[in-house]
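K.L.:
Sequence:
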Amino acid sequence: MKQASIGSNHNFQPCQIVCLEHENGRLYAEVVQVVTSRQVCWVRPLMLALLPVEASLGTGNLPMPQESAIYDLRMGSDLLWPISLFRPALDTEVIPLLTMLDTCDSQTAQTQLNWFVRQVWQANQSDFQSKI
Numbered sequence: 625m626k627q628a629s630i631g632s633n634h635n636f637q638p639c640q641i642v643c644l645e646h647e648n649g650r651l652y653a654e655v656v657q658v659v660t661s662r663q664v665c666w667v668r669p670l671m672l673a674l675l676p677v678e679a680s681l682g683t684g685n686l687p688m689p690q691e692s693a694i695y696d697l698r699m700g701s702d703l704l705w706p707i708s709l710f711r712p713a714l715d716t717e718v719i720p721l722l723t724m725l726d727t728c729d730s731q732t733a734q735t736q737l738n739w740f741v742r743q744v745w746q747a748n749q750s751d752f753q754s755k756i
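In our numbering, the protein residues as written are 625 to 756.
Hints were generated in silico from the structure; no laboratory data involved.
From the three backbone atoms N, C-alpha and C, an ideal C-beta is built for every residue, glycine too.
This list has only true hints and no planted wrong ones.
Simulated restraints on C-beta separations:
id	residue 1	residue 2	range
1	E717	P638	17 to 25 Å
2	Q753	L714	25 to 33 Å
3	P720	T660	30 to 38 Å
4	T660	Q753	12 to 20 Å
5	Q753	S692	30 to 38 Å
6	S661	S730	27 to 35 Å
7	S750	I719	31 to 39 Å
8	Q637	R698	15 to 23 Å
9	Q637	I719	12 to 20 Å
10	N738	W666	16 to 24 Å
11	L714	P638	12 to 20 Å
12	L675	N738	13 to 21 Å
13	R668	P720	14 to 22 Å
From just these sequences and the hints, can you work out the full model?
P.N.:
Listed below in C-alpha cells is the structure:
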C-alpha cells in the first residue's frame, strides 16, 4: 500500500526536508543529493514519527505504540531511496515535531528505523527493482 505522494513531480534540493509516509509512520529526512538519472534520493534521516494504531491493525514484529512516538534518527545511517516515495515536508508539520524530539536510546531509534524501512520496502518492492 503506497501512501507517499508522487515525488517524481518534485524537484528536491539539498537541505530540503522530505517525508516518507507509510501506514502509521512518517520518516522525516534531509535531502543530501538527488540522482535524477536514477530517480533516487540520498537522504539523512532526522526523525521517525509513529502514530498510534489499534492492536489489530499493527503489522511486523514490533508492537505499535499506544501513543504517538518520535524517534531521533540524527545519529543514524543515510538512505538511498526512490524519489517517488518522498514528498516535501511542510514547515508546519516538522517544526512542532522537532520541538517534541527527545534524545532517546540510539539502539531503540535504530531498531524502529530498521523496522520502518523493512515495512516500506516490502510494500513498494516495484519501486526498488530498477532504481537501486
